[in-house]
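Chemist: These are the residues of each chain, in order.
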Amino acid sequence: MDNAEAFDKFKECAVEVLQVAPEQVTPEARFADDLDADSLDLVELVMALEEKFDINVDESELEGVETIAQAFDLVTSKL
Amino acid sequence: MAGGSGPTGRGVTISGWGASLPETVVTNADLTTLFDTSDEWIVERSGIRSRHVATGPFVPGPDAHADVDGVGTTATLSIEAGRRALARAGVEPSEVGLLILCTTSPDQAVPATSAAVAASLGIGGGAMDLNAACAGFTYGMVAAHGMVTAGLDRVLLIGAETLSRLTNWTDRTNAFLFGDGAGALLFEAVGGDDGLLGWDLGVDGSLVSILYADHDGSGMVMKGKEVFRRAIRATVESATASLERAKVDPAEVALFVPHQANWRIMSAVAERLGIGEDRIASVIEHTGNTSSASIPLALVEALEAGRVHEGDVILLAGFGAGMTWASAVWRWLG
Numbered sequence: 002m003d004n005a006e007a008f009d010k011f012k013e014c015a016v017e018v019l020q021v022a023p024e025q026v027t028p029e030a031r032f033a034d035d036l037d038a039d040s041l042d043l044v045e046l047v048m049a050l051e052e053k054f055d056i057n058v059d060e061s062e063l064e065g066v067e068t069i070a071q072a073f074d075l076v077t078s079k080l
Numbered sequence: 391m392a393g394g395s396g397p398t399g400r401g402v403t404i405s406g407w408g409a410s411l412p413e414t415v416v417t418n419a420d421l422t423t424l425f426d427t428s429d430e431w432i433v434e435r436s437g438i439r440s441r442h443v444a445t446g447p448f449v450p451g452p453d454a455h456a457d458v459d460g461v462g463t464t465a466t467l468s469i470e471a472g473r474r475a476l477a478r479a480g481v482e483p484s485e486v487g488l489l490i491l492c493t494t495s496p497d498q499a500v501p502a503t504s505a506a507v508a509a510s511l512g513i514g515g516g517a518m519d520l521n522a523a524c525a526g527f528t529y530g531m532v533a534a535h536g537m538v539t540a541g542l543d544r545v546l547l548i549g550a551e552t553l554s555r556l557t558n559w560t561d562r563t564n565a566f567l568f569g570d571g572a573g574a575l576l577f578e579a580v581g582g583d584d585g586l587l588g589w590d591l592g593v594d595g596s597l598v599s600i601l602y603a604d605h606d607g608s609g610m611v612m613k614g615k616e617v618f619r620r621a622i623r624a625t626v627e628s629a630t631a632s633l634e635r636a637k638v639d640p641a642e643v644a645l646f647v648p649h650q651a652n653w654r655i656m657s658a659v660a661e662r663l664g665i666g667e668d669r670i671a672s673v674i675e676h677t678g679n680t681s682s683a684s685i686p687l688a689l690v691e692a693l694e695a696g697r698v699h700e701g702d703v704i705l706l707a708g709f710g711a712g713m714t715w716a717s718a719v720w721r722w723l724g
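Here the protein sequences come in this chain order: A and B.
Plus 1 on top of the position in the first sequence (first one is 1) and you've got my numbering.
Plus 390 on top of the position in the second sequence (first one is 1) and you've got my numbering.
Possibly wrong hints are sitting among the right ones.
[Stated by the list, open to error] Here are the simulated lysine-lysine pairs, DSS-like style, with alpha carbons at most 30 Å apart:
id, chain 1, residue 1, chain 2, residue 2
1, B, Lys613, A, Lys79
2, A, Lys12, B, Lys615
3, B, Lys613, A, Lys53
4, A, Lys10, A, Lys79
5, A, Lys53, A, Lys79
6, A, Lys12, A, Lys53
7, B, Lys637, A, Lys53
8, B, Lys613, A, Lys12
9, A, Lys10, B, Lys613
10, A, Lys79, B, Lys615
11, A, Lys53, A, Lys10
12, A, Lys53, B, Lys615
13, A, Lys10, B, Lys615
Calculated from the structure, these hints are not laboratory results.
Could you build all of it, start to finish, from the sequences and the hints given here?
Modeler: Okay, here's the thing in C-alpha cells:
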C-alpha cells in the first residue's frame with residue numbers, strides 16, 4: 002500500500018469516528034483545536050485504525066500525538 | 391465460558407426488584423471545590439452530572455460499621471434495596487433460599503457483608519458475597535439463575551457498593567466517576583419458560599494493573615484510555631457471544647442495560663452492536679459508576695418507568711477490573 006492509499010484509509014476512519022468532513026482531515030489539522038476531538042475520541046480513532054490496518058498501538062504511544070500527521074506517522078511506522 | 395438455556399421444565403423469572411441510593415448528592419460543581427475540574431469537562435468525558443455518596447468529604451461523620459451487627463454503608467443500601475425487591479414480589483424473607491451480594495466494596499474484610507444483610511432481612515437460607523468488580527451483577531445473575539435451576543425456589547440477588555470509600559478524592563482523573571448505591575432482583579422458579587436465553591462470562595487477569603485499588607486506602611488507580619478501549623471491545627465481544635447463543639438478533643433487543651461506567655463507553659458499545667441509543671437504559675447521569683450496583687439500578691429505573699413489557703428481550707453486559715466481563719440475554723416473563 003502506498004502512502005496516498007494509506008492516507009485515504011486513514012481519512013475514512015477519521016471522518017467516521019470524529020464525525021468531521023473529509024476536507025478537514027489534513028496533515029496539519031490539530032485534534033483538539035481543529036477537529037473538536039478530546040482524548041477519548043483519539044482512543045476511539047486509534048481503535049478504528051487498529052482494526053482497519055491490523056496493527057497494535059499502545060496507550061503510551063499516544064502521548065504527544067496532537068495532529069493528524071503525527072497520528073498517521075504512528076500508523077505507517079507499524080505497517 | 392458461555393451457555394444458553396435448554397428445555398428443563400423448570401424456568402426462572404424475576405419477580406421482584408428494588409433500589410436504594412444514599413441521600414447525599416454530589417454535583418460536578420461540588421467537585422470543583424476539591425480539585426481543578428469543571429462540569430463541562432466531566433459531562434463531556436463521562437455523561438455524569440451528579441452521584442450519590444454514603445462516605446467521603448461531602449458526608450459528615452465516620453463511615454464505620456457497627457461492631458455488634460456488621461452493618462455499614464454497603465449493608466445499609468443492600469438491606470433497603472433487598473427489602474423493596476421482596477415487598478414488590480410479595481415474598482417473605484424466610485422463603486428466600488440464598489442471598490448473593492455482589493460487591494467490590496464490602497463493609498469489612500471479614501465476614502462477607504451478605505451475613506449482616508441476611509440477618510437484618512431475615513433471609514431463610516444461606517448468604518455469600520460475589521466479587522467480579524463491575525461485571526459482578528451479571529456474574530451474579532448467571533449464578534442466581536443456576537441456583538434456582540439447581541433446586542432453590544428463590545434467590546435474592548443484590549448489587550451494592552460504597553465506591554466513595556475506594557475513591558481517591560484528590561485524583562481529578564477519576565474521582566468524578568464513582569458513586570454509591572444498591573439494586574436488587576428476586577429470582578423465582580416457575581413452570582415452563584425460562585428467562586435466561588444466553589450468557590457469557592470471562593476474565594483476563596493479566597490486566598490487573600490497568601484498574602485496581604489496594605487495601606491501604608490510597609484509592610482507585612486507573613489507566614483510563616487502556617480501560618476505555620478494552621472495555622468497549624470486551625463488552626461488544628461478550629454481548630455478541632450471548633446474543634448468538636440466545637439466537638437473538640440485536641434488532642430484537644428491546645432494552646440494553648450496560649454497566650454504567652461512562653456514557654461514552656455505553657454509546658460506543660451500543661453503536662457497535664447496532665442498538666439505537668433510545669434502547670439504552672441509563673442512570674449514569676445521576677448515579678455515576680456504581681460498579682456492581684449499576685446494572686440493577688438502571689434496570690429498576692427502567693422497570694419503574696414502564697419501559698419493560700412482557701416478552702421483551704433485555705441485553706445486560708458489563709466489564710470491570712480484572713479485567714472481567716459478562717453478558718446475559720434475558721426474556722422478561724412478566
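Chemist: Hints numbered earlier in the text: which of these fail when held up against the supplied structure?
Modeler: No numbers; nothing is violated.
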